[in-house]
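Peer 1: Go by the hints and put chain D onto chain X.
Chains as they are written, first to last, in the working numbering: chain X, 56 to 547; chain D, 56 to 547.
These aren't lab readings, by the way, just hints derived from the structure by calculation.
Some hints could be false.
Here are the simulated DSBU-like cross-link-like pairs (lysine-lysine), alpha carbons at most 35 Å apart as the crow flies [claimed, not checked]:
{"hint": "1", "chain 1": "D", "residue 1": "K281", "chain 2": "D", "residue 2": "K520"}
{"hint": "2", "chain 1": "X", "residue 1": "K281", "chain 2": "X", "residue 2": "K520"}
{"hint": "3", "chain 1": "X", "residue 1": "K210", "chain 2": "D", "residue 2": "K281"}
{"hint": "4", "chain 1": "D", "residue 1": "K281", "chain 2": "X", "residue 2": "K281"}
All values reported here derive from a predicted model rather than from experimental measurement.
Number of protein chains: 2
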Amino acid sequence: MTDSWATFQAEISAGISAGISAGISAGISAGAGSDLHLDLGGTSLRAGLRDALREAARTGRLAPGTRLPSSRTLAADLGMARNTVADAYAELVAEGWLTARQGSGTRVAERVDAAGPRKPRTPATPRRRARAAPAHSLLPGAPDLSTFPRTEWLKASRKALAAAPNEAFGYGDPRGRIELRTVLAEYLARARGVHADPERIVIRSGYVNALTFLAGALRRRTPAVKAVAVESYGLDHHRDCFTAAGLRIPPLEVDELGARTGELAGMSGVGAVLLTAAHQFPTGAALHPDRRAAAVDWARGTRALILEDDYDGEFRYDRQPVGALQGLDPDRVVYLGTASKALAPGLRLSWMVLPDELTGELSPHDNTSSALEQLTLAEFMASGAYDRHVRSMRLRYRRRRDELVAALAAGAPGVRISGIAAGLNAILELPPGTEQSVMRAAHWQGLAVQGLSEFRHPQLPGRGKDGLMVGYATPTDSAWAGALAALIRALP
Amino acid sequence: MTDSWATFQAEISAGISAGISAGISAGISAGAGSDLHLDLGGTSLRAGLRDALREAARTGRLAPGTRLPSSRTLAADLGMARNTVADAYAELVAEGWLTARQGSGTRVAERVDAAGPRKPRTPATPRRRARAAPAHSLLPGAPDLSTFPRTEWLKASRKALAAAPNEAFGYGDPRGRIELRTVLAEYLARARGVHADPERIVIRSGYVNALTFLAGALRRRTPAVKAVAVESYGLDHHRDCFTAAGLRIPPLEVDELGARTGELAGMSGVGAVLLTAAHQFPTGAALHPDRRAAAVDWARGTRALILEDDYDGEFRYDRQPVGALQGLDPDRVVYLGTASKALAPGLRLSWMVLPDELTGELSPHDNTSSALEQLTLAEFMASGAYDRHVRSMRLRYRRRRDELVAALAAGAPGVRISGIAAGLNAILELPPGTEQSVMRAAHWQGLAVQGLSEFRHPQLPGRGKDGLMVGYATPTDSAWAGALAALIRALP
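Extracted from the complex, chain X is given alone in its bound form:
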């Protein structure tokens, strides 16, 4: 016996037994819930002893090479049955913490890390969490999260769960549940003019997930796509989906009529283009009819594909919705939609309508979304709750947009606002050279907001126009007035 065992044993007789008792009490009070009580015959004691020994070996309290007492001796010392101790030893041998060799007894394995207790973990802090919470937020991208229709959703969930066939709990179709695809086909045709067939709809866990799939599919295409044109203003992490797949991302200029799709014909080696046709993100322009036509003509002429990001197609205020580009040519346009703006990003549900040539790219093992959540959304849409929710949100956001326009007219008359006919955000056009100082002023006001330059394609020279991107859907109702006031104070 070495010293480290002697120290450990002194504690085990007292503390560990107490710990085991505590564990047993906890287990008993938790009722049938604790797995510790599955097996009869001292499993709890065994598990407690095993865990204590393992922790001691892991932290180095029992040094590598330490010889343990025989199971008979330890059992007598602890007042346990010999088998309980022998079983705990055997488990730890099986796990590699201990070694048992004929003639040399049971020892702490040499390979166990003896450097003492493990260093405290450095928590992984992804970028999104690193941002300190400001007092107000007008960051774009999310709807007012307090409006999620919990009661209606639970109702749909209950119905969906009761009606689900057993096979819904299996791996299922990689395209997603047919119930949801059927409802979506009807909805997309009605609300967005999409030529949708349930057979070609694919459910994914969010837009980035869909885009990542498409980037891979374009790379694998024959001939392989090498470059995807992207609008000169957009989101970094959308562009990253393509570059991560090894695709080039030449920029396509955006102006007040949307992306200049006429220029696609002059761009060499481009096999696809990503367009926010209904409401350019972030500038807010609707793609002009001539440019819609030019994009489709280009795609037809070169057998290229258009990826249509219809992220907020439901939200139109001052005009009738413009149907999706996809309706013009379902063979050349991939339609991309999401529940993130109309319902909540937390659902992680998005959908693609694929042209025939891409349907074969789907891996049979890559179904990404919970079947229950899909069935719930199908029920939610079929019951009319989705339409009602969108309508109610549309009124809410239109009111906010009107309040934003009025507040600007009163408090910052020099600032022009654009992109407001639709969507959940607006652009405030700032005098040249002032974006940075306005961003600093916003920071002082405790307002989180993004400058227009943050959306600019990294391969373009200069900083582009000065502006602020205002996500007016983001605050809750109670936070909205404060955020708006902070914005006005930050403006010149």
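Peer 2: Then chain D, alone, in the frame of chain X:
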């Protein structure tokens, strides 16, 4: 006016009006659910006309270039308000179906596909769907789907939805909900001996999704991993996750003591190994303690990583569970678990416990799983329902396994069964050269089952041992006896 317009107009006055009326009636009977009724002032008529015109243009019934009557004329003909027609025209112009030029009136756009009605869609038929449904199934991979605890799950769902903070509906932490990661850390430590810290747990939408992430992370590592050793028996679509990322997959032989990890040291350029340590898939062996140690020693000595696929670690019958390999060295082992075997694949929930070196690889925009489903699982586990469910399933599957053993002893005494101490499947060892004939016999019996050779690493010579892989958890209780009888009839 061209001929195609004349024909169309004759129909529109009659049929389309009827269609619009039908649409209105349907909309009214659907109550507030239909989006068609959002706007006052003839939106339904406008939408009906628009859709009819669009469909006519799409199918070629209105040929490209066809000049449409003026909105005034058509309105008079149809008995509609002029604005209704003008609005419908304007929408279709915006969508690119029609063109409106000063002096030449409104025409069907030239680019619209005039090749007549679109060809019927070829439904995309992923491989999984292509398999014709047999009478019986003993395919491995899924639990008995009829046992999903719907009532308990709904209860947990209701609680989770009521308790969820608003931010749960947002994009959230790419690692997943902290509530679930906290409960998992406790569960994995208790049930599987995993050294888990919620900060290093990452929720993914299934095992393939997790493996795909890991393959990418290994490729991006410095120095980049070029090859991942995989067990000589395993699943194609798991190996594919690595090859799709450009990794080589040299095979590591498996015998009755599990993978021969001692051979890793002799394999050049291998930076990681994928192991099913607790229950080799498909052979069913538990990795021998010496081999566990050898794997960890190798990983430490070469700074390689072990990917531990603990897919069915909860299911042990005749022995105590063997703790996860990860506990031996959390810095060198990535632990991978899933809800697919203990609960249901349809939930699309899996988890990884990452070593520090991989936590930075997570994209902040790649959160894959529904927040509500994660909160529901957290509640389900914290309430003890998960433990209760696993315990009940363990009894059920153990009983089936015993019935399988008994049926074989009685009906096919020449067949040896192995891998039965744990998991949801067993291997029936067949006389050399008989696997194909037994597979044919199974097919005649209407029994879906997989031969052992289907799991063999494609780079290995020959066909390996003859055997059948029997997934005895797959049938429902009512289908189990029939499946078992079909199996016995198929055996020599």
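Peer 1: Taking the hints in turn, state whether each one holds.
Peer 2: Against the structure, the hints:
1. For the hint linking D/K281 to D/K520, the alpha-carbon distance of about 30 Å falls within 35 Å, and the restraint holds.
2. For the hint pairing X/K281 with X/K520, the CA-to-CA distance comes to about 30 Å; that is within 35 Å, so the pair holds.
3. Between X/K210 and D/K281 the CA atoms are separated by roughly 50 Å; this puts the pair beyond 35 Å, and the hint is violated.
4. Of the supplied pair hints, the one linking D/K281 and X/K281 holds, its CA atoms being roughly 24 Å apart against a limit of 35 Å.
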